[in-house]
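S.K.: The primary structure of each chain is shown beneath.
There are 4 protein chains.
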Amino acid sequence: MRKVLTHFYHVPLEHRRDDGRRIASYQKIRNRSDRRMCRWAAYRGEPLYLEELVTSPAHSLIEQSHCATRAKTATNGDGFGIAWYGDRPEPGRYRDILPAWSDCNLRSIARQIRSRLFLAHVRAATGGGTRRDNCHPFVHGRWAFMHNGQIGHFEHLRRPMENMLADDLYAARTGTTDSELLFLLALQFGLERDPLGAVAEALGFVERLAEQLGLKVLVRFTAAFSNGQDLFAVRYASDRKAPTLFAAPMGPQGGYCLVSEPLNDDDNAWAEIPDGSAVIVGENGVDVRLFSAADAPLREPASVAPVARPADKGVQLA
Amino acid sequence: MRKVLTHFYHVPLEHRRDDGRRIASYQKIRNRSDRRMCRWAAYRGEPLYLEELVTSPAHSLIEQSHCATRAKTATNGDGFGIAWYGDRPEPGRYRDILPAWSDCNLRSIARQIRSRLFLAHVRAATGGGTRRDNCHPFVHGRWAFMHNGQIGHFEHLRRPMENMLADDLYAARTGTTDSELLFLLALQFGLERDPLGAVAEALGFVERLAEQLGLKVLVRFTAAFSNGQDLFAVRYASDRKAPTLFAAPMGPQGGYCLVSEPLNDDDNAWAEIPDGSAVIVGENGVDVRLFSAADAPLREPASVAPVARPADKGVQLA
Amino acid sequence: MRKVLTHFYHVPLEHRRDDGRRIASYQKIRNRSDRRMCRWAAYRGEPLYLEELVTSPAHSLIEQSHCATRAKTATNGDGFGIAWYGDRPEPGRYRDILPAWSDCNLRSIARQIRSRLFLAHVRAATGGGTRRDNCHPFVHGRWAFMHNGQIGHFEHLRRPMENMLADDLYAARTGTTDSELLFLLALQFGLERDPLGAVAEALGFVERLAEQLGLKVLVRFTAAFSNGQDLFAVRYASDRKAPTLFAAPMGPQGGYCLVSEPLNDDDNAWAEIPDGSAVIVGENGVDVRLFSAADAPLREPASVAPVARPADKGVQLA
Amino acid sequence: MRKVLTHFYHVPLEHRRDDGRRIASYQKIRNRSDRRMCRWAAYRGEPLYLEELVTSPAHSLIEQSHCATRAKTATNGDGFGIAWYGDRPEPGRYRDILPAWSDCNLRSIARQIRSRLFLAHVRAATGGGTRRDNCHPFVHGRWAFMHNGQIGHFEHLRRPMENMLADDLYAARTGTTDSELLFLLALQFGLERDPLGAVAEALGFVERLAEQLGLKVLVRFTAAFSNGQDLFAVRYASDRKAPTLFAAPMGPQGGYCLVSEPLNDDDNAWAEIPDGSAVIVGENGVDVRLFSAADAPLREPASVAPVARPADKGVQLA
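Protein chains in written order, with full-length UniProt numbering: chain R, 1 to 318; chain D, 1 to 318; chain U, 1 to 318; chain C, 1 to 318.
If a hint is listed, it holds; no wrong ones were tucked in.
It does not matter which identical chain is used: a pair holds within one copy or between any two.
Restricting the straight-line Cα-Cα distance to at most 25 Å, the calculated cross-link-like pairs of lysine to any residue (SDA-like) are:
hint	residue 1	residue 2
1	Lys216	Leu169
2	Lys216	Ala172
3	Lys241	Leu196
4	Lys216	Ala171
In short, the hints are calculated from the structure, not lab data.
Using the sequences and the hints given, assemble the complete structure.
M.R.: And the structure:
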């Protein structure tokens, strides 16, 4: 039987109540033929070689990227990335657009580098071309961020979302994905100061924006992010169909691993984190909290007002 | 002596007068150690194998990309691209981030494909990472565009320039270069309707914008673009130091070639197009006109007003 | 019901007899979870845009490379390639190591180029790293070649196979795959002079070599190749479990398409070519013949004798 | 004036005598327009961030790869690689075919990883396509190897050189360069047991082989290699025109750096290692020795006898 989360951390009452329902709903979700899911794994604890999550286990990320066994998903062949914290304040990062399974560099780096906190991601493009700038994890200063999920109608939301960004964050955007933009928005809303609050505000902003533009609200967001000290993860969806999130103890002396899909078939090892949760892996172990997008209204309509521009493509500027 | 342009087209009086000075100034420019120039070549005429401009001549684009002989420039190793018109209304395109000289695909494609109108470019990155989306030529609908030059203070101008774009053109931006953005602006200003007028307006817009933001105006722009019928080129700089532009008859029956640098050492073959010119290669041969950026003022300050956004990164939306 | 081959060509008696058995055996094969199959398509006929086989159909090669629908195979994300015959004697070729589904260049090239004879391949690496040199089709002079299948114990057979090659063919080997080596061996055995005979000899050589070295003989070979005039294909396996091969009329005026997997679900359109067959698509339509590896003995043991070399890694050359 | 080597190690008498002549000859060499030189740097000492040699200095390897300042060389845009020793017995490695100057991964890795022994290389292809398998350093077991130089007539020597390799080393060859092959030959001749002796034998073997085949002997070889304990370098050429080699103290507490070209303009810092030398950087500091290729004759002609193969491409094996 699947291990109960309370074995290693406090589970909020609300979660306990509907634990059964949630796991059942997870089973249903992962039987859908959802072809384009990313997968990721993150670790915080005593230094561990990256390969222990990335290449070694029977169901490591690389193996998963090649042939997903649990869900009838297609492969994740649109690139990969790893970010790890070492001696520097900012994380190191390696990402490339090859399928992860055929990248010798990744194998070698994952075998050499040990880290007390790292994030790894394999990508199945939902939008944004296959190029390095669109590969997770995204990095800004000390922060690293990776994501599995999607924003519905992103093609209509992208521009007003980008308009929200301060100049330095706007300039920092180099790719075209919704994931990178959510990360930059979270930075804009104060990720440095209040990580989970800022993410909640960023997600709420997107939901309010969609409403305001008359679009169906759809945000599915299972993400991990870190400042080099704590490892955060969120599982949230506006339609309660968030991609899965699991946790397990790993490595020597109280390390923890968070993953989008269990890395092996040992059901006892992996505890599912319920939809509507945030996880903090820090000095004092694992903490799980209720999480939902902030529901504050957009400050004022002006903030997403269209920019004046020459009507009709070609009118004189006079 | 360098061939006089009048052999094959009408030269405006203004150009004739200072022909000597201009060529002298070109000599000076190309002796500077300007390390980061792109190079390009374009052709219109009876169908020609791409390799005749791209790989075959002693000083073909590929050879130039590897070891520039005339100017003491560094190499152009940040990618390349070709766009060619065939049976389809829109051009075909092949671009990659490898140095052009080591790309077997390019060699094979250039050897197989014949086209009546094509553009080829090797890139030396002045800004924007090395990735396919940043490689010229850029293509939108039937239009292809490539560029050698730069916009001064682009880091400050980028955002208001992007704000000018209509939604569909904003969404069409996939890279981060000033070149792609100038192309999209030209489309915004009516490239389809009035190609040279739209480019003049786009350049004028950038100059006015820089003035308005209190920045030193610096636009250097030597570009070629086409709709599949006519081949256009512009040599213009706000400081009269535009990258060079040359023309020569090429191929069977009245074809012409436009290049940023002569493809061989035959000085008689290549006529320099003076700074401040536009060239149209069409049904009736080559036409050269005076060209400068439009000097109309920005329509109103509002058009580049900053978008309202949460002050101070993290203020509540309420 | 599946269309009978005799509608458009003569089927050898031997094939007719066991047609039922063979198709049944095919059904079994494609239900196995054979994760690492390449897929290919080839065309000969009136000029056709490459995209009609490569990107357009519901089950085009690109779509197949991403999510194989018939067989429960994994994806083909280890690169792709196309070779097409145009005006030149030798074919053009474009190949890259990205997954085919994320390559914009491929889409554009396939949309622009029309050819009367072309080969297209998506790769799932069975051996040999992911790099361009290992992507099919392989090209030598006027010949193009692509392959789906495998040689058992290739790691032991590779060196004596390479030793067989004449110096120019040895020097022409740039990759590490069994497929490229089979192609070079076929050239060695006279592909130019007697295409099917040379392939039969190359396959027979590999089988004899395996026997001589005491290895289990296993050669599975479903390949297409061309000199720019005729299109050849072979379906053969030493264990009668050759990867599938199908044919269908395609395009205007008597063109034919050969594929490793049907490009759409119209079972009536695709005729299966039985195991142990060779197909020639030429001026006079399609011809199917019995095919098997040549069973002539190796000329003499000397031909694969190990080369004298310093014993024990490090003995003096004296 | 250039620092005298004796400041930090013992210089053999033979070297001292002609020091002046050698440096003069170096000046001449680097004024030749030798367009296709690789460059490398290696370090052994207290752990140092890779970036100190790879990206940081004014004339770091990356800067050199982009715009060589001393010699009028072209750029090194055909890939790069780093190998570093950490906790594992075998080195880590990262290599790619992009120009080094545009690779964000390299920058990040070089900034994160500290190592007590590492090798870094930027490539200018003299032969072998641009692909990862052809990028230095080459790695086999605990050994890493990188090279600047060339073998004359390699196209004729390649096959008999490959024939010399034991099966496991033959199978380990994945690229097509002369450099990788020299490394494998050195392993064949006992690199593990007697590093400098094995390299001397490998070079001698190539020279004898060229003589035997009636080819002009030309081997230029400036290489660095390591087993994770000691750092070795060799500067040798059959025509005494070996690419340059320099040494300098670097990093904290007695570390040393070996480079193909000085990393900065401080002539006092860099001591030139004379042609015909081997360098060992180990526990006890730097040791420089005379070095030349072994002149033992090839053991017997049989060892490079051509393999029997079907005459005339296509003769029956019977």
